[in-house]
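Chemist: Whole structure, please, built from the sequences with the hints as guidance.
Each chain, letter by letter, is given below.
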Amino acid sequence: MKELRLDQIEKTYSKTAANKTESFGLRSIDLTIREGEFFSLLGPSGCGKTTLLKLAAGLLEPDSGKVWYGNSDLTATPPEARRFSMVFQQPLLFPHMTVADNTAFGLKMQKVGKKERLEKAEAMLDGVGLKGFYHRFPDELSGGQQQRVALARALVANPRVLLMDEPFSALDPGLREEMRELLGRIQKELGVTILFVTHDRDEAFELSDRIGIMRDGRLLQVGAGTELYEKPVSTEIAAFLGIKNIILGNIGEGRFVSADGAITMDVKNGEPEGERFLILRPEALQVADGNIQVPGDAIRIKGHVLKVKFLQGFYTAIVQAGNHELECQLFRGQSEQLEAGQQVEVFFSQCDVRFVME
Amino acid sequence: MKKISFWILLLLSLLLIGIPFFALILTSVSVGWQWPNLLPDSLSFRSWDYVLRGSSGTWRAIGISLLIAFIVTIVNIVLAVPAANALVRYRIKGKWLAEAILFAPIIIPPFVSVMGIHLTFLRLGLTETVLGVVLAHLSPTLPYMVRALITSYSTLSVDWEDQARMLGAGPFQRFYAVVLPHLLPGIAAGASLSILISLSQYLITFIIGSGQVVTLPVLLFPFISGGDPAVASAYSILFAGMAILALLGMDLSLKSYYRRKKSVSVNGRGAGNDEGTSFRPN
Amino acid sequence: MKNKLLLATAALTLFLSACSAQSEQEDEQGTDDLLTGDWQEIAESAEGQEVNMYMWGGNDNINRYLDDWVAPRMAEEYDVKLSRVPVNDAQDIINQLLDEKTAGKTDGSMDIIWINGENFKAAKDNGLLWDDFTGQLPNFVDYIDPEAPEVAEDFGEPVEGLQAPWGKAQFVFVHDTEKVADPPKSMEELSDWIRENPGQFTYPALPDFTGSAFIRHVLYETTGGHEQYGQPAAEIEDLEEHFQPMWDYLNDIEPYLWREGSTYPESLAKLDQLYASGEVSMTMSYDPALAASEVLKGRFPASTRTFVLDVGTLSNTHFLAIPFNSTDKAGAMVAINELMSPEAQTAKLSPENWGDLSALTFEKLSADQQQAMNDVDLGEATLPLEELENHRLPELSSDYIEIIEKGWMENVAKE
Chain X
1 MKELRLDQIE
11 KTYSKTAANK
21 TESFGLRSID
31 LTIREGEFFS
41 LLGPSGCGKT
51 TLLKLAAGLL
61 EPDSGKVWYG
71 NSDLTATPPE
81 ARRFSMVFQQ
91 PLLFPHMTVA
101 DNTAFGLKMQ
111 KVGKKERLEK
121 AEAMLDGVGL
131 KGFYHRFPDE
141 LSGGQQQRVA
151 LARALVANPR
161 VLLMDEPFSA
171 LDPGLREEMR
181 ELLGRIQKEL
191 GVTILFVTHD
201 RDEAFELSDR
211 IGIMRDGRLL
221 QVGAGTELYE
231 KPVSTEIAAF
241 LGIKNIILGN
251 IGEGRFVSAD
261 GAITMDVKNG
271 EPEGERFLIL
281 RPEALQVADG
291 NIQVPGDAIR
301 IKGHVLKVKF
311 LQGFYTAIVQ
321 AGNHELECQL
331 FRGQSEQLEA
341 GQQVEVFFSQ
351 CDVRFVME
Chain R
1 MKKISFWILL
11 LLSLLLIGIP
21 FFALILTSVS
31 VGWQWPNLLP
41 DSLSFRSWDY
51 VLRGSSGTWR
61 AIGISLLIAF
71 IVTIVNIVLA
81 VPAANALVRY
91 RIKGKWLAEA
101 ILFAPIIIPP
111 FVSVMGIHLT
121 FLRLGLTETV
131 LGVVLAHLSP
141 TLPYMVRALI
151 TSYSTLSVDW
161 EDQARMLGAG
171 PFQRFYAVVL
181 PHLLPGIAAG
191 ASLSILISLS
201 QYLITFIIGS
211 GQVVTLPVLL
221 FPFISGGDPA
231 VASAYSILFA
241 GMAILALLGM
251 DLSLKSYYRR
261 KKSVSVNGRG
271 AGNDEGTSFR
281 PN
Chain S
1 MKNKLLLATA
11 ALTLFLSACS
21 AQSEQEDEQG
31 TDDLLTGDWQ
41 EIAESAEGQE
51 VNMYMWGGND
61 NINRYLDDWV
71 APRMAEEYDV
81 KLSRVPVNDA
91 QDIINQLLDE
101 KTAGKTDGSM
111 DIIWINGENF
121 KAAKDNGLLW
131 DDFTGQLPNF
141 VDYIDPEAPE
151 VAEDFGEPVE
161 GLQAPWGKAQ
171 FVFVHDTEKV
181 ADPPKSMEEL
191 SDWIRENPGQ
201 FTYPALPDFT
211 GSAFIRHVLY
221 ETTGGHEQYG
231 QPAAEIEDLE
241 EHFQPMWDYL
251 NDIEPYLWRE
261 GSTYPESLAK
271 LDQLYASGEV
281 SMTMSYDPAL
291 AASEVLKGRF
301 PASTRTFVLD
311 VGTLSNTHFL
321 AIPFNSTDKA
331 GAMVAINELM
341 SPEAQTAKLS
351 PENWGDLSAL
361 TFEKLSADQQ
371 QAMNDVDLGE
381 ATLPLEELEN
391 HRLPELSSDY
401 IEIIEKGWME
411 NVAKE
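Chains as they are written, first to last, in the working numbering: chain X, 1 to 358; chain R, 1 to 282; chain S, 1 to 415.
To be clear, the hints were calculated from the coordinates, so they are not data collected in a lab.
Do not rely on the hints blindly, as some may be mistaken.
Stated by the list, open to error - Cross-link-like lysine-lysine pairs, in silico, DSSO-like; alpha carbons within 27 Å at most:
hint, chain 1, residue 1, chain 2, residue 2
1, S, Lys81, S, Lys168
2, X, Lys244, X, Lys231
3, X, Lys231, X, Lys309
4, X, Lys231, X, Lys302
5, R, Lys93, X, Lys114
6, X, Lys108, R, Lys255
To be verified - To give an idea of the interface, some chain R residues facing chain S are shown, with a C-beta separation under 8 Å as derived from the structure:
hint, residue
7, Phe206
8, Ile207
9, Val231
Even glycine gets a Cβ: it sits at the ideal position worked out from N, Cα and C.
Modeler: Here is the structure:
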């Protein structure tokens with residue numbers, strides 16, 4: 001199995017912001033990216049994800065730890081000899097070369113003959129939807145087209161791993177969507193292994209087989225998108241994934257009681273006792289109204305509506321229960337019946353409950 | 001409107017450049033040209049006859065001037081590229097000192113440094129040689145080349161080289177494919193200055209060359225200070241011609257470089273591409 | 001790597017010093033022969049040598065004279081290749097030789113240098129000149145009076161055979177005969193003439209070289225002759241009192257000068273222009289033949305003539321010397337000898353070539369040679385050579401000149 005493996009990687013790096021340089025460190029990162037997998041590193045800026053990517057690329061040297069590809073140790077191999085490709089945030093097309101020459105650059109470095117490499121380059125350009133653009137110069141292309149060329153250039157060299165450093169973040173939202181689709185399609189067609197860095201949740205979830213969430217130089221959790229969302233290992237991850245319903249409380253004698261006492265519920269057998277955070281995804285929370293059958297084992301919470309919001313096709317109600325403001329997703333039609341100040345009851349199913357320690 | 005301002009600009013530059021040049025030509029053929037007469041009383045080709053006659057060594061001097069300027073410029077490029085790279089890219093302790101030393105020759109008059117250089121060169125046996133003169137010319141020219149390349153380098157993000165690396169380019173290929181094309185406008189600017197400054201050196205050339213390396217300024221300077229405006233003007237016109245020729249030559253070779261680059265990408269693909277030949281930085 | 005470099009440098013240094021040591025030995029052997037040997041032998045050893053003559057290169061006539069007249073003859077008659085090296089300022093030569101002396105360079109490229117005055121003094125004081133060689137030159141022996149002050153001394157500095165005279169400059173007044181029919185022959189007569197013709201005379205402001213020379217003539221005449229100034233200026237105690245008659249003279253004529261003496265032309269070139277345009281009736285020059293050539297060019301009126309004072313005018317000599325480290329000393333001696341030949345001097349005298357006065361003592365020439373010189377057409381405006389030669393005064397040494405220049409600013413220009 002030809003997987004990319006980062007083994008106990010440590011690296012101190014500094015980031016400069018607002019005239020002050022702070023030192024951070026990647027702490028003992030272990031990560032395996034399987035062959036043919038689309039893996040995303042997701043995290044806020046400065047979390048070390050780009051540093052990790054550059055360590056994988058070889059553009060940075062780790063303070064300790066190793067980079068493996070299959071059975072070969074690449075740690076001391078210079079980047080140009082790793083046969084990885086990389087797409088940066090900027091297209092970085094060589095301005096004095098045509099689109100075709102840009103695309104064929106990697107093959108040229110591999111000493112592929114001129115005719116063959118141009119044929120391959122043009123085929124790849126066709127693949128990214130740039131048929132006929134071969135002889136243009138980079139400055140004659142739009143930003144999206146340039147990034148397509150960059151993608152074609154990275155792919156045509158048949159890399160063992162394609163590294164991508166927030167490649168679409170400089171594009172307009174619509175274009176970004178288009179590029180995501182293109183990338184997803186091509187990845188499936190070519191079966192190329194991709195290590196993708198982004199701070200955009202949606203992007204990571206849409207594209208990735210697995211996602212690694214990073215923060216402050218640590219890899220917090222690795223898993224498929226649904227796994228991360230439904231089973232975050234910490235409030236930090238939950239918060240990062242946009243889950244706002246995080247309730248501090250205590251588990252004792254088979255019951256969870258929130259710190260303010262407003263929310264109480266029975267817990268499954270075997271749930272360990274002690275201080276816990278209860279995490280509730282907004283779509284798991286429902287407002288009980290006359291039209292909905294509330295299952296018997298559902299947990300109910302009383303509160304009043306603070307406001308109703310409309311977000312990206314969903315209506316959301318903010319319900320005040322005790323000291324907590326709970327976000328819960330509404331069904332179509334429900335929003336019209338609710339108004340601020342109204343007393344409501346929300347409920348959720350036992351199986352949507354997630355407790356974490358921190 | 002645009003057209004009018006273009007013509008005004010053209011006229012102005014013609015006046016600014018043309019009138020002094022015309023005056024030079026007139027002076028070179030004039031006899032007893034007295035203020036306030038607008039034109040000389042009579043014309044003679046005495047100065048041109050002197051400057052261009054076989055035994056005056058003018059052509060040889062022009063050849064040596066150009067040879068020295070050419071070698072100086074090449075050496076400058078070879079030295080300035082790594083220097084500018086280091087000054088821009090690396091955090092070095094005492095960088096300001098290195099920069100101060102590099103740029104000192106611009107501020108310190110050349111004869112101060114050349115006096116010190118002369119003794120050392122004498123001991124090394126470098127005086128009276130073209131090599132010695134070339135080395136001495138580096139001091140007033142290198143700062144300009146480094147300056148130009150620092151500007152070029154500071155607009156070249158390391159990402160470009162990283163990108164080429166990730167596509168499998170080794171150090172030489174990265175330099176040739178990515179860095180050099182980006183540096184070329186800077187190199188061209190630095191080379192123009194280097195050529196012009198080298199061509200116009202008198203004192204350094206005379207002292208280090210000890211009169212055995214005869215460039216055009218070595219012939220020209222005594223006439224300027226000797227108050228023979230006719231011969232001095234004739235030499236000056238030759239000098240201007242030589243400098244313009246050298247710059248044109250550089251410009252042409254640069255253009256042919258770009259044309260070659262382009263034709264490589266156009267040839268063999270069959271498609272025509274009439275894109276002009278100018279370099280397009282990002 | 002570093003070690004290798006060090007080794008290479010050391011080897012190079014050794015090699016270079018070995019070379020120079022060797023040539024030094026050869027040198028000493030050779031030069032002794034040159035100073036004592038027979039001229040025939042010297043001429044033979046000069047054959048095939050290349051002689052570099054470092055000289056001011058700012059006059060096309062002079063350059064042509066050397067390149068087109070002298071050099072071909074040297075090659076043909078002596079098999080010596082004479083290469084002229086243009087120099088902007090003779091001071092540069094001295095500085096270079098100083099460095100070469102410090103660095104111990106024994107194989108210099110300068111074989112002949114053209115100097116006089118301060119540069120000669122600097123070269124002599126620093127031991128930059130070879131030796132007392134002039135006595136070996138046949139043309140020096142035959143045609144030069146070595147006791148003559150203008151040959152034995154150079155601006156007060158004893159020459160001691162270190163340099164051979166090549167030519168002379170002499171101060172002359174230039175006047176327009178239409179306006180000055182009977183030119184004054186002394187400073188006293190000049191003073192009278194100035195009073196009678198107010199606004200018609202002036203002199204270049206100091207430190208112009210020629211303006212300063214004019215004042216030296218005043219000094220000589222008003223203070224009782226030049227002989228007293230043979231000693232260094234510091235040895236005359238009452239120098240200021242001594243100079244007083246000169247300042248008085250200059251201040252007396254001032255109101256009758258051009259523009260009532262309120263201003264002076266800032267250079268000789270400016271004065272020449274005033275003369276050319278007829279504003280003043282007299283100008284002056286260190287080149288006795290210059291007026292003639294200006295007439296020829298049509299710049300000065302055809303009625304222009306020159307004159308000297310009865311007591312004489314300042315004259316100085318320019319010389320040719322051989323640097324201490326010349327590698328072709330025999331060739332240099334042959335070349336200098338040839339440059340001093342009556343033929344070369346006569347050719348040099350001709351305004352077509354240069355127009356520079358002969359360095360030779362006129363009486364020592366044969367009748368034919370005298371005739372040849374006299375036949376050179378110097379133009380009507382130039383005085384006969386004999387008259388010039390009979391009216392020569394020695395130059396004042398430079399320490400006086402400095403004092404006079406400063407004194408003029410305080411005593412004359414200020415008031």
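Chemist: Checking against the hints above, which ones are violated?
Modeler: 5
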